Amino acid sequence: MVTTEKQRKKKFRGVVHVLPERCKGCRFCVEFCPTGAITMSEEFNSKGFHYPELTNPDKCTGCELCGMYCPDFAIYGYRERIEEGE
Amino acid sequence: MSIVKNVQENPVEEFLRTDRLPHVWCSGCGIGTTVNCFARAVRKCGIPLEKLAVVSGIGCTGRVAGYLKLDSFHTTHGRAIPFATGLKLGNPELSVVVYSGDGDIAAIGGNHLINAARRNVDITVIMINNFTYAMTGGQVTPTAPLDSINTTAPYGAYEMPFNLPHLVASCGAVYVARWTAYHVVQLTKAMVEAMNKKGFSFIEIVSPCPTIFLRRNRLGDAVDELKFFKERSVIKHGADTSEVGWNETRPKEIIIGKFVDIEKPDYVEAMNVHLSNKLGEKYIWWGKKDG
Amino acid sequence: MAEIRYTTADPKGVLTGVHYMDGNHAACEGALAGGCRFTAGYPITPSSEVVERYSARIPTVGGVFIQMEDEIASSICLQGGVWAGHKAMTVTSGPGISLMMEHVGLAACLETPCVFVNVQRGGPSTGLPTLPGQADMQQCRWGSHGDYEVIALAPSTVQESFDFIIDAFNLAEIYRVPVFFQLDECVGHMTEKLVIPEADKIQVVERRYTSKPPEEYLPFKPDPDLVPELVKAGDGYRFHVTGLTHDEKGYPVINAQAQHEMCWKLVNKIDQNASKIWRYEEDEVEGAEVVVLSYGISARVALRAIEMAKERGIKVGRMRLIVVWPFPEPRVKELASQVKAIVVPELNIRGQIAREVERAVEGTCKVVRVPHAGGTVHDPEQIFDAIMEGVR
Numbered sequence: 001m002v003t004t005e006k007q008r009k010k011k012f013r014g015v016v017h018v019l020p021e022r023c024k025g026c027r028f029c030v031e032f033c034p035t036g037a038i039t040m041s042e043e044f045n046s047k048g049f050h051y052p053e054l055t056n057p058d059k060c061t062g063c064e065l066c067g068m069y070c071p072d073f074a075i076y077g078y079r080e081r082i083e084e085g086e
Numbered sequence: 087m088s089i090v091k092n093v094q095e096n097p098v099e100e101f102l103r104t105d106r107l108p109h110v111w112c113s114g115c116g117i118g119t120t121v122n123c124f125a126r127a128v129r130k131c132g133i134p135l136e137k138l139a140v141v142s143g144i145g146c147t148g149r150v151a152g153y154l155k156l157d158s159f160h161t162t163h164g165r166a167i168p169f170a171t172g173l174k175l176g177n178p179e180l181s182v183v184v185y186s187g188d189g190d191i192a193a194i195g196g197n198h199l200i201n202a203a204r205r206n207v208d209i210t211v212i213m214i215n216n217f218t219y220a221m222t223g224g225q226v227t228p229t230a231p232l233d234s235i236n237t238t239a240p241y242g243a244y245e246m247p248f249n250l251p252h253l254v255a256s257c258g259a260v261y262v263a264r265w266t267a268y269h270v271v272q273l274t275k276a277m278v279e280a281m282n283k284k285g286f287s288f289i290e291i292v293s294p295c296p297t298i299f300l301r302r303n304r305l306g307d308a309v310d311e312l313k314f315f316k317e318r319s320v321i322k323h324g325a326d327t328s329e330v331g332w333n334e335t336r337p338k339e340i341i342i343g344k345f346v347d348i349e350k351p352d353y354v355e356a357m358n359v360h361l362s363n364k365l366g367e368k369y370i371w372w373g374k375k376d377g
Numbered sequence: 378m379a380e381i382r383y384t385t386a387d388p389k390g391v392l393t394g395v396h397y398m399d400g401n402h403a404a405c406e407g408a409l410a411g412g413c414r415f416t417a418g419y420p421i422t423p424s425s426e427v428v429e430r431y432s433a434r435i436p437t438v439g440g441v442f443i444q445m446e447d448e449i450a451s452s453i454c455l456q457g458g459v460w461a462g463h464k465a466m467t468v469t470s471g472p473g474i475s476l477m478m479e480h481v482g483l484a485a486c487l488e489t490p491c492v493f494v495n496v497q498r499g500g501p502s503t504g505l506p507t508l509p510g511q512a513d514m515q516q517c518r519w520g521s522h523g524d525y526e527v528i529a530l531a532p533s534t535v536q537e538s539f540d541f542i543i544d545a546f547n548l549a550e551i552y553r554v555p556v557f558f559q560l561d562e563c564v565g566h567m568t569e570k571l572v573i574p575e576a577d578k579i580q581v582v583e584r585r586y587t588s589k590p591p592e593e594y595l596p597f598k599p600d601p602d603l604v605p606e607l608v609k610a611g612d613g614y615r616f617h618v619t620g621l622t623h624d625e626k627g628y629p630v631i632n633a634q635a636q637h638e639m640c641w642k643l644v645n646k647i648d649q650n651a652s653k654i655w656r657y658e659e660d661e662v663e664g665a666e667v668v669v670l671s672y673g674i675s676a677r678v679a680l681r682a683i684e685m686a687k688e689r690g691i692k693v694g695r696m697r698l699i700v701v702w703p704f705p706e707p708r709v710k711e712l713a714s715q716v717k718a719i720v721v722p723e724l725n726i727r728g729q730i731a732r733e734v735e736r737a738v739e740g741t742c743k744v745v746r747v748p749h750a751g752g753t754v755h756d757p758e759q760i761f762d763a764i765m766e767g768v769r
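Protein chains in written order, with my numbering: chain W, 1 to 86; chain X, 87 to 377; chain S, 378 to 769.
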């Protein structure tokens, strides 16, 4: 995972993990992310659904609303401290 | 929120039968969201996992029991509540949750709903209300709003729907709440409260059924419906339940919140106290004696 | 393999002594002696006395009685009690059994050990609430939809209402199956001497719990005797069971292969163990010209008819079914080759058990039905006439 300048300054970042194969493309995570950090990928999973991506990691606060809304347990997030030198 | 490090796995995975994922629910079905909330509630509630049991009826929501990695029972249509009553009475140390849908709980299961509430059996009933019998193709249920299209009400429903929070509160339930699948944070908190509450707890969760109810009634997709819940919901804790009925398909106000939260002896406690008063030393106390 | 272990009855539930009580009350005492500590019931004539007594006794024995809001609730509530760890029963009559049928199927499908007591009365529909019938005999076997097998017992006396209900609970535990106790109204409301022995003289089967750890346990993997090992909720197994067609893990599998495996297993479990389950009583069948085959109250009425026939010099034997399902086909077939006729008196019109005899006999001997619509017992003359027709 690449650490951005902004994240290094704040000393924490939001992290989002996606399990693309579980996603059914409902877009709850995209819609209810409060900062618009997530968009749907151009790619498809094997069932033919677009799945989400954290396209703006700087905007992610690690609030995990994406994880809470997901009906398919395909996405979860958390907030992570950035250590010195990362 | 807490700062953690490098979380490799979704923290709710340990409560799910991941060998059965992806689940059967449609894209955008709110049931999955509520199960997500439930898994988080299970994590937070402090109840040991081996003491938690989940009982479902039949229907889309009835499939919930099959995806939770707890002692779980997928029983018959409408009869999750009496089975749950048997489990709880059989072992009062269990925490028993009934997770089922509006048709299952309020139509075929109606008699059991009102009697279990009346008895104040210490179980938690989580009822997903998507206004339809979705699994069987979208027939009308007792919660379907007036004029909503369902396959057995093809010209629109003309029966007045149930006001379930009012019904259940009037039967004597100690905890009655309504939330929607949009209100994930409050919903999770309500589930924790309900599971830790002694007595009959009832949570109605209004949820989108995009494939059937929303599509047939031309209400958009699941995201549209969750936004509708967000716009029209008004949180009124302690509201008079007679006024919270959801009668039109698109009501001007959706009243949600915790309506009832009172204290009363639950069924087992009432039974024990009464019989020990009557029979004295001869009575054999059922379950653990507190204190 | 979860061994079949016998233990002596819990003395708290055993009312040792010589009593004078009716069959319903005796059945309640038998259930308590047999270890039943959870009953969910609903009032219905002529069965109510069983749960009335149970509700009065259980608070000082230690257990649960709950009167549910209807029979459908009772029939599934008791199953919750079983999965919480208890021996459980419900008590009803014909109309209640009809309501409970979906849950009989659930018990068969989930392989839940439990007892359904049917204090049989005249039917159909509301029928004759206070008068006898034996027209629910096929119902207990085939009443629910789909393929499965159950066990059914029929007591004839008050003593047997006590003794055989203990056997019913034991059979339920051994085979993880719903067991019917067909207690005819006559026997239920008849008052006779009942001897209840000391608790250490009563043998009860312990629940066949698994000793495997959770990682290895599979809810529906059969042991060599085709019975899977049981668990209960709250022990950390975190298992799942469903009424949908399922695999050994308990997960639903919706295809023909799973259906084939599950249904054959449910049927074979009883079929292949049938020889261990059959139970009947025979008297003077050696050299008999006619055998009177019956069960329940009709078997007692038949005694008088047999006496009358013997006075006429007819060699009459008697076979009384104690376990009605599974039906002892091979023995009946064997008898058929030795006798002129088998006479089957029962309180139903369509020969519910007589037709089983006919099927087993395949024409080897005459089968004379003695039908009766119920409402009272046979006049022994009717059975005597049938015996005489048999020897003609």
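The set of hints was computed from the structure by calculation and includes no laboratory data. Predicted, not measured: the structure shown is a model, and the values here were computed from it. Heads up, some of the hints might be wrong.
Below, computed lysine-lysine pairings styled on DSS-like, alpha-carbon distance capped at 27 Å [stated by the list, open to error]:
| hint | chain 1 | residue 1 | chain 2 | residue 2 |
| --- | --- | --- | --- | --- |
| 1 | S | K692 | X | K137 |
| 2 | S | K609 | X | K283 |
| 3 | X | K155 | S | K389 |
| 4 | W | K47 | X | K155 |
| 5 | S | K626 | X | K284 |
| 6 | X | K374 | S | K609 |
| 7 | X | K364 | S | K389 |
| 8 | W | K59 | X | K316 |
Far from chain X by the CB rule (all over 12 Å, computed), these chain S residues [claimed, not checked]:
| hint | residue |
| --- | --- |
| 9 | E446 |
| 10 | D447 |
| 11 | Q456 |
| 12 | H463 |
| 13 | Y586 |
| 14 | E593 |
| 15 | K609 |
| 16 | R615 |
| 17 | G620 |
| 18 | K626 |
| 19 | G627 |
| 20 | I647 |
| 21 | E706 |
In this text, a Cβ means the ideal position worked out from N, Cα and C, and glycines have one as well.
So, going through the hints one by one against the coordinates:
With a C-alpha separation of about 64 Å, the suggested pairing of K692(S) with K137(X) is violated against the 27 Å cut-off. With a CA separation close to 24 Å, the supplied pair K609(S) and K283(X) stays within the 27 Å bound. Proximity of K155(X) to K389(S) is assessed by CA-CA distance (about 37 Å); at most 27 Å being required, the pair is judged violated. Distance restraint check for K47(W) and K155(X): the Cα-Cα separation of roughly 25 Å lies within the 27 Å cut-off, and the hinted pair is therefore satisfied.
Distance hint between K626(S) and K284(X) is unfulfilled; the C-alpha atoms sit about 33 Å from each other, more than 27 Å. The hinted pair formed by K374(X) and K609(S) meets the criterion: a straight-line CA distance of about 18 Å does not exceed 27 Å. Note on K364(X) and K389(S): the hinted pairing holds, with a Cα-Cα distance of about 19 Å set against a maximum of 27 Å. Simply put, K59(W) and K316(X) have alpha-carbon atoms about 23 Å apart, close enough for the 27 Å limit, and the pair holds.
Non-interface status of E446(S) relative to chain X is broken: a Cβ of that chain comes within 12 Å, the nearest being about 4 Å off. The claim that D447(S) is not at the interface with chain X is violated, since a C-beta of that chain comes within 12 Å of its own (minimum 6 Å). Distance to chain X contradicts Q456(S) as a non-interface residue, since its nearest Cβ pair spans about 6 Å, not more than 12 Å. The claim that H463(S) lies off the interface is violated: its Cβ sits roughly 5 Å from the closest Cβ of chain X, which falls inside the 12 Å cut-off.
Annotated as non-interface, Y586(S) keeps its C-beta farther than 12 Å from every C-beta of chain X; the closest such distance is 14 Å. The beta carbon of E593(S) is kept farther than 12 Å from every beta carbon of chain X, the shortest such distance being approximately 16 Å. With a minimum CB-CB distance of about 8 Å to chain X, K609(S) fails to clear the 12 Å threshold, and the non-interface call is violated. Not every CB of chain X is more than 12 Å from the CB of R615(S) (nearest about 5 Å), against its label as outside the interface.
The non-interface label for G620(S) is inconsistent with chain X: the shortest C-beta to C-beta separation is roughly 6 Å, within 12 Å. The claim that K626(S) is not at the interface with chain X is violated, since a C-beta of that chain comes within 12 Å of its own (minimum 9 Å). With a least beta-carbon separation of about 9 Å from chain X, G627(S) fails to lie farther than 12 Å from that chain, contradicting its non-interface assignment. Distance check for I647(S) against chain X: the nearest CB is about 22 Å away, which clears 12 Å, and the non-interface claim stands.
Once the 12 Å rule is applied to beta carbons, E706(S) is consistent with being away from chain X; the minimum gap is 33 Å.
Going through the hint list in order, the structure does not satisfy hints 1, 3, 5, 9, 10, 11, 12, 15, 16, 17, 18, 19.
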